[in-house]
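J.: These protein sequence lines map, in sequence, to chains A and B. So for the first sequence, full-length UniProt numbering puts the first residue at 1; every next one is plus one. So for the second sequence, full-length UniProt numbering puts the first residue at 1; every next one is plus one.
Hints should not be assumed to be uniformly reliable.
Said to hold, decoys possible - Beyond 12 Å from chain B on every Cβ pair, some chain A residues (computed): (1) 86; (2) 120; (3) 127; (4) 276; (5) 294; (6) 322; (7) 341; (8) 343; (9) 359; (10) 362; (11) 370; (12) 373; (13) 375; (14) 403.
Stated by the list, open to error - One-sided and incomplete, this derived list gives chain A residues near chain B with beta-carbon spacing under 7 Å: (15) 51; (16) 159; (17) 166; (18) 214; (19) 217; (20) 288.
These aren't lab readings, by the way, just hints derived from the structure by calculation. Note that this is a predicted model, so its numbers are computed, not measured. The C-beta atom is built at its ideal place from N, Cα and C for all residues, glycine as well.
Number of protein chains: 2
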Amino acid sequence: MALKSFIQVHHDSHFPIQNLPYGVFKPQPHSLPRPGVAIGDYVLDLSEIAKAGLFNGPSLNNSDCFLQPTLNKFLAMGRPAWKEARATLQKLLSSSEPTLRDNANLRQKSLVPMNKVEMVLPTAIGDYTDFFASMHHARNCGTIFVGPQKPIPPNWFHLPIAYHGRASSVVISGTDIIRPRGQGHPKGNSPPYFGPSQKLDFELEMAAVVGPGNELGKPIDVNEAADHIFGLVLMNDWSARDIQAWEYIPLGPFLGKSFGTTVSPWIVTLDALEPFAADAPKQDPKPLPYLAEKISKNYDIALEVQIKPTGQKDSCVVTKSNFKNLYWTLTQQLAHHTINGCNLRPGDLLGTGTISGPEQDSLGCLLELTWNGQKPLSLNGTTRSFLEDGDEVTFIGCCKGDGYNVGFGTCTGKILPAP
Amino acid sequence: MALKSFIQVHHDSHFPIQNLPYGVFKPQPHSLPRPGVAIGDYVLDLSEIAKAGLFNGPSLNNSDCFLQPTLNKFLAMGRPAWKEARATLQKLLSSSEPTLRDNANLRQKSLVPMNKVEMVLPTAIGDYTDFFASMHHARNCGTIFVGPQKPIPPNWFHLPIAYHGRASSVVISGTDIIRPRGQGHPKGNSPPYFGPSQKLDFELEMAAVVGPGNELGKPIDVNEAADHIFGLVLMNDWSARDIQAWEYIPLGPFLGKSFGTTVSPWIVTLDALEPFAADAPKQDPKPLPYLAEKISKNYDIALEVQIKPTGQKDSCVVTKSNFKNLYWTLTQQLAHHTINGCNLRPGDLLGTGTISGPEQDSLGCLLELTWNGQKPLSLNGTTRSFLEDGDEVTFIGCCKGDGYNVGFGTCTGKILPAP
Numbered sequence: 001m002a003l004k005s006f007i008q009v010h011h012d013s014h015f016p017i018q019n020l021p022y023g024v025f026k027p028q029p030h031s032l033p034r035p036g037v038a039i040g041d042y043v044l045d046l047s048e049i050a051k052a053g054l055f056n057g058p059s060l061n062n063s064d065c066f067l068q069p070t071l072n073k074f075l076a077m078g079r080p081a082w083k084e085a086r087a088t089l090q091k092l093l094s095s096s097e098p099t100l101r102d103n104a105n106l107r108q109k110s111l112v113p114m115n116k117v118e119m120v121l122p123t124a125i126g127d128y129t130d131f132f133a134s135m136h137h138a139r140n141c142g143t144i145f146v147g148p149q150k151p152i153p154p155n156w157f158h159l160p161i162a163y164h165g166r167a168s169s170v171v172i173s174g175t176d177i178i179r180p181r182g183q184g185h186p187k188g189n190s191p192p193y194f195g196p197s198q199k200l201d202f203e204l205e206m207a208a209v210v211g212p213g214n215e216l217g218k219p220i221d222v223n224e225a226a227d228h229i230f231g232l233v234l235m236n237d238w239s240a241r242d243i244q245a246w247e248y249i250p251l252g253p254f255l256g257k258s259f260g261t262t263v264s265p266w267i268v269t270l271d272a273l274e275p276f277a278a279d280a281p282k283q284d285p286k287p288l289p290y291l292a293e294k295i296s297k298n299y300d301i302a303l304e305v306q307i308k309p310t311g312q313k314d315s316c317v318v319t320k321s322n323f324k325n326l327y328w329t330l331t332q333q334l335a336h337h338t339i340n341g342c343n344l345r346p347g348d349l350l351g352t353g354t355i356s357g358p359e360q361d362s363l364g365c366l367l368e369l370t371w372n373g374q375k376p377l378s379l380n381g382t383t384r385s386f387l388e389d390g391d392e393v394t395f396i397g398c399c400k401g402d403g404y405n406v407g408f409g410t411c412t413g414k415i416l417p418a419p
Numbered sequence: 001m002a003l004k005s006f007i008q009v010h011h012d013s014h015f016p017i018q019n020l021p022y023g024v025f026k027p028q029p030h031s032l033p034r035p036g037v038a039i040g041d042y043v044l045d046l047s048e049i050a051k052a053g054l055f056n057g058p059s060l061n062n063s064d065c066f067l068q069p070t071l072n073k074f075l076a077m078g079r080p081a082w083k084e085a086r087a088t089l090q091k092l093l094s095s096s097e098p099t100l101r102d103n104a105n106l107r108q109k110s111l112v113p114m115n116k117v118e119m120v121l122p123t124a125i126g127d128y129t130d131f132f133a134s135m136h137h138a139r140n141c142g143t144i145f146v147g148p149q150k151p152i153p154p155n156w157f158h159l160p161i162a163y164h165g166r167a168s169s170v171v172i173s174g175t176d177i178i179r180p181r182g183q184g185h186p187k188g189n190s191p192p193y194f195g196p197s198q199k200l201d202f203e204l205e206m207a208a209v210v211g212p213g214n215e216l217g218k219p220i221d222v223n224e225a226a227d228h229i230f231g232l233v234l235m236n237d238w239s240a241r242d243i244q245a246w247e248y249i250p251l252g253p254f255l256g257k258s259f260g261t262t263v264s265p266w267i268v269t270l271d272a273l274e275p276f277a278a279d280a281p282k283q284d285p286k287p288l289p290y291l292a293e294k295i296s297k298n299y300d301i302a303l304e305v306q307i308k309p310t311g312q313k314d315s316c317v318v319t320k321s322n323f324k325n326l327y328w329t330l331t332q333q334l335a336h337h338t339i340n341g342c343n344l345r346p347g348d349l350l351g352t353g354t355i356s357g358p359e360q361d362s363l364g365c366l367l368e369l370t371w372n373g374q375k376p377l378s379l380n381g382t383t384r385s386f387l388e389d390g391d392e393v394t395f396i397g398c399c400k401g402d403g404y405n406v407g408f409g410t411c412t413g414k415i416l417p418a419p
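Using the sequences provided together with the hints, build the complete structure.
T.: This is the structure we're talking about:
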């Protein structure tokens, strides 16, 4: 019989007892942030559960990891603590367990309606890295920016290419995004122009949240990399294509990305995603030994992007993709990141890069969907080449189980005009 | 008459009363880190000066900014607090002021011999950005990596190009650097190889330490940018040229740099550098209005790199350059960084990029000095194309005043073999 909570969870909910994603929230505008897990339409306040002494396993007993304003301390504790917390919480929330179910006072203190809370960034992000792991995205971008002859650079099939992103401008879902200003370049020998970006785009990504991490100089083996990934979030790596195209040679993206990156508030753990594991694509050429893993896993996570233009009531679905479309796995990304000795720290974010699929309606950004603006999308009676002021972009991610979902909720942001 | 301290300062010292650079140190191996300033052969413990109530101006009175394990809180307070601290400390240390001079107990507590302390990173670095601001370096790298036809990309003269670096692997001077392993690519269609980097290099840089910073979405005007720069350090942006050359297309440097970046422990303030201000180079084409500044400043800071091979007694000077060789100013770099709304935070690091001059003996890295290994350097009877295990690399930076120096001390690191 399927696991069931004493809390009513609608069958469409992203947050049944099988999920239990972690976030950080404020129950009141002036309260201190504290960790919580989502259950149905509620947030379970983990600081209250800890204070009640209900985390009583060997790793978490007497720990103050849930009395912190971020999840970093919990993430640093590693998989034994994560497994213990999940077991404790699944038991505590199950329909057959009286401890919380029958304690009105504790329920009152610890279960907060989700629509009353303010979610904040779940971790202090030391560094944010962004990969480029979808072959379809690499091929399309290469064709648009470089040309159709050799759209994918020769290194791409040998290593998971990545760049360092900007950690300071990672914001939580719901934060408005101000249209960036910057330099663009029309063509040929003309001088650059300056102004609000004319090619503002979303990028449909997910990001891994790093667990314990490693010391400088000590790489993480690809077959142990999964123990360093706590879970996943949705991520919108907003991109100004005109700024990016002009600045990125030879050192890569900079101001075209660093004005804002939005993450969803709930970190879905690898443990919750495990039932949705899927084979990773066959890699040809075979990766070098340090990237060759015994078990190579993707996850079957359905992804969707909606745009709601200002003043309209309804959102319009502009693409549907799936996490499975990635060529390089999360564990390969993490192992590659550390092979030179680079240290990862708890709470670091590893973005996948835009997750485009092979079909026209599974492309992960407007650059690809409109082919750099040449083929505008039709959108509820209007059209879009790139994002306009007032557009609200929402990502949704969800795994469909047998009678339940393991979902990510939404990752959303609205475009405000340039200053 | 020149300002003079009651503390004996040798005329060759980098740290006379005119300098007073800030760092963070531990007086004993197990003490908590605390801020200090360098004076001659001593470190003045600012936590003791604060506890003695001697910071009595309007900004610092009752502040706990010097009772912290990093300088971030002091940096966030901005130029009024920095000016006040400098005035207080110059008075307190001057030969004519009895407060500290004649208080044996306080001298005993607050003045620690520099050779007894352990220096640690002076700030918690939220983000580290690396620019590419020397034209000579850009031309040489472009010639080596891309070819002599168009060595400098057309965007270079319009904007200070930069990329996000890795904050986690920034280490303090004296930390050993482990040779990174990674992929390289021999030539043409051959497959990549994997192993210890065969082209390990230093990069002679300096870095600005950010002060108050800005909110997301609110750019800093180029003419106000100096108020957001607390001071400068020496920086060695160690680079694995073989890893870098294979990985950097199309998203820029990643593992070729992220295995370690060394900074010097003492932040020399812009106030101390002001007597050494020098005209910045004329910029042609004229920069766009957001980069056009009323006063365009460089600083006359003599820079030198020494290599000491393992087992040898003496170091060998391999290059001499000067901070003046930068094309883009620090204030232009900072203004450009925020023009898209990107937020800077106190303690962020803005590297200048390799500071190469126009002459063969003023080039800032081995890639340029040996022309990618083709013309090995002679070094005390041995030769170097790139760094070998055991090599110790030391940077020195110093401004020569009238009868005194304003120096940076050294920035050093030794290469250990790959694991």
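J.: So, for every hint listed, does it hold in this structure?
T.: Hint-by-hint comparison with the structure:
no.: 1; hint: 86; result: holds (28 Å)
no.: 2; hint: 120; result: holds (14 Å)
no.: 3; hint: 127; result: violated (5 Å)
no.: 4; hint: 276; result: holds (29 Å)
no.: 5; hint: 294; result: holds (19 Å)
no.: 6; hint: 322; result: holds (23 Å)
no.: 7; hint: 341; result: violated (5 Å)
no.: 8; hint: 343; result: violated (5 Å)
no.: 9; hint: 359; result: holds (24 Å)
no.: 10; hint: 362; result: holds (22 Å)
no.: 11; hint: 370; result: holds (21 Å)
no.: 12; hint: 373; result: holds (20 Å)
no.: 13; hint: 375; result: holds (23 Å)
no.: 14; hint: 403; result: holds (42 Å)
no.: 15; hint: 51; result: violated (28 Å)
no.: 16; hint: 159; result: holds (6 Å)
no.: 17; hint: 166; result: holds (6 Å)
no.: 18; hint: 214; result: violated (10 Å)
no.: 19; hint: 217; result: holds (4 Å)
no.: 20; hint: 288; result: holds (5 Å)
Figure legend: structure checked against the earlier numbered hints; hints not met, in rising order: 3, 7, 8, 15, 18.
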